[in-house]
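A.B. asks: Could you build the full structure based on these sequences and the hints that come with them?
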Amino acid sequence: MASSTTTMITTEDLPALFHDVTPIPQDEGPHIVCRIDYPPEFTIAYDYFRALSAKDEWSERALQLTTLCLQFNPANYTVWHFRRKCMWALLMKEDKSIDLEAFLVNDLTLAAALGGENPKNYQIWYHRRAILEYVEQQTNKELFYTFCRRELDYTAEVFQEDSKNYHAWCFRQWILQTMKAPAIWQEEMDFSHQMIMDGDVRNNSAWNQRWLAAHRGQLTTPLALETAQSEADYALQGARIDPYNECPWRYLIAILKEQCRSSTMEEDKRTWLLQHYLDHAELVKEVLKEADKDPEACPNLSAALVDILEMKGDTEALTHAKQLMHYLEHDIDPIRARYWAFRSKTIEQALSLKSD
Amino acid sequence: MTIVRKIDQQTVMPFLKRTESTRQQQRTEMECQPFFVNLATLPPSQLDHLRQSGLLMSKEVPADKEDLDICLLVERHIQYLSPVFQPTLRSQLRPSFVTLDSSRSWMIYWTLHACDLLDYKTTADERQAMVQTLQLFFHPRDGGFGGGPGQLPHAATTYAAVMALAILASHERHAKDSLKNDKLQPSSSHSALHLLQQVRKPLYQWMLTLADEQGRVRMHHDGEIDVRATYCCIAVLSLLQLPLPVSWANYVSACQTWEGGFGGEPGAEAHGGYTYCAIAALQLMESTHLIDLPALCDYVSRRQLALEGGFSGRSNKLVDGCYSFWQGGALAVVSDLLLSNDGSSGTKTLTALFDTAMLERYILLCAQDIHGGLRDKPSKNRDFYHSCYNLSGLSIAQQYRGIASDTEDESVVFSRHAAVAATHPCYNIRNEHVQYFKSIQWEE
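Chains as they are written, first to last, in our numbering: chain A, 101 to 456; chain B, 5 to 448.
Hints were generated in silico from the structure; no laboratory data involved. Predicted model only: the values in this text are computed from it and were never measured. The hints are all genuine.
Partial pick of chain A residues on the chain B-facing surface, computed with a CB cut under 8 Å: (1) N176; (2) N304; (3) N308.
Only some residues are given here: those of chain A computed to face chain B with a beta carbon under 7 Å: (4) V133; (5) N173; (6) Y222; (7) C270; (8) D300; (9) R302; (10) D342; (11) A354.
We put the CB at the ideal spot given by N, CA and C, even for glycine.
C.D. replies: Encoded structure:
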């Protein structure tokens, strides 16, 4: 069975294979716009597709036809949907003649082939997810994990071609969340670490993955203070590699913000935490000095200082933040002049409230 | 756009460590930089070349009062885009377009809306053919629009079809007014408004079946879940005055990330396209109180690139003309909320918290293809999608110019030859169409 589904058919095979089927042409109407000059092979294949789809024929030959149709247009979600109907129907057959694993792996391979080296269409990624959902619901945990592992490897392969492939990262996150295996998150910390530190320290997708992994998939639960500190330290380590890089600074600020918003945070702990990271962020300027760069002209560093100072919120901190913002607005980040002017106003309001 | 701001201060993105990201960024800066020349310093031969190309007005004024405003190539853009919605065999799309065979309603919307922004007036024939075509894309059994005849209804192609029909309905009304009931009335069965009236209820019923009990919306039955689906449904429901399932807002707000922007689903990386969908949907649902607006503002304003002036889709990614609208539009909505801009009154000066002049410059200089159509960046080919969203972004930039602050010195001169119509930041069709649809009394 598995071998027959992998057999690729061509348009020439169709009349024989579907000798009992009357093709249905596309209803184009007399005055249609946005008309595509379809290649003849495309029209033949899709005419048969319409015919099978109209009678809900979820058969092996229908499955083969969808392969052909998807080769012409892998973004046709209607064909993908019909293909899955065929797959599930064939797998439901009483005689259990199909090797389920081989059958499904065949489709994962097909989806990968249709996507090319850097797959970016929604349909092929959703197809992978639908297959894994099927395995999760219809088989045992062991087989599901095998598929998950295989798919994690597949995303890693895609990252070699494009380390920021959005669909691949989303899919990877979904797998991790669905596996519900606590140990997987530590592995994912290592994976994102490799992508960031050995790969590209500016890979924001990898930083985003680190956030999810550090939170063990629980996005609405703030990190424990200890973990938060180690993540903040990690961000600073990243910032020292390249202080101009936005990712580690935003990561640092997000970690601190999350802690400060957490209701369990005591006031003196909060003040200490912010002062500690303010000092350490300032220290990153040394890296710039060593590289013979102006330490005061690094927008992402200064913006991070502004955010920490604003969180601190005392008069001295706000006044300092205001100075930095002035410099950002007029000198080092003029493209965001309107934004910095707006934030300056917010700070001024906070300051005037304090002086009242 | 005579002047490039502070030409001597053009800042490339600085870095200490070379990585794949910095290599790509440098390459992109190098391909954009040649476009950012101070035109006043160019030798006459090069200016002549620009005039011949159409980017500058032809010479009719004395040399000391030279008109150096870059032109929007309106005629050529229309020439490139309008054949898509014209019912002639001559206008057929090449066979390679089969990969867009499930996005035909999108192609109609992209090209029609883009031309509409350029003030193109559709003919009665074009309107009738578009309505007939979109009618074929409607799925009578399930209740939404697909990407082509017989295809399953899909939230995104439904959004595209309904917005296109809304544009057409508004055009129909103006055509009627100008004809003063003389002749050439489109028979009512082929009118866009009539079709919308027919599909309005089935659309609503179908959309409700796309959502689960947590308010997550699928693109189609057995299709992917993400905030694009939520937005596409909400925009359609809102425009057609159908009830908004505001409980969907919680899922949208869960997609706001640690960066402040929104990902496609909870946990996913913040991204311009999803950020737009999220904030526009929340605004239409009047649910922006659920999210961290200042964080969102931080995120989107950071996406504007210092040298290029255009937006990137994500942190440390490259400029792309389509984000002129996704990010620019998102920031317009955010700015309306944070600055209490009054979106409804035309008299007030709208301001958005980004550099609108720099965005205009990117679109006019880097994104325009000299042969018509607009593109991602100079090294990429034009296409319908990028034409639509560059022009939509240009429209946002022009509406939200605000009053130049003291930091934006007088060297910022806007082009007088690039005006486009005002698009609505939440629906992305012209404001006047939205106004018209707010006034419609639907038959219940």
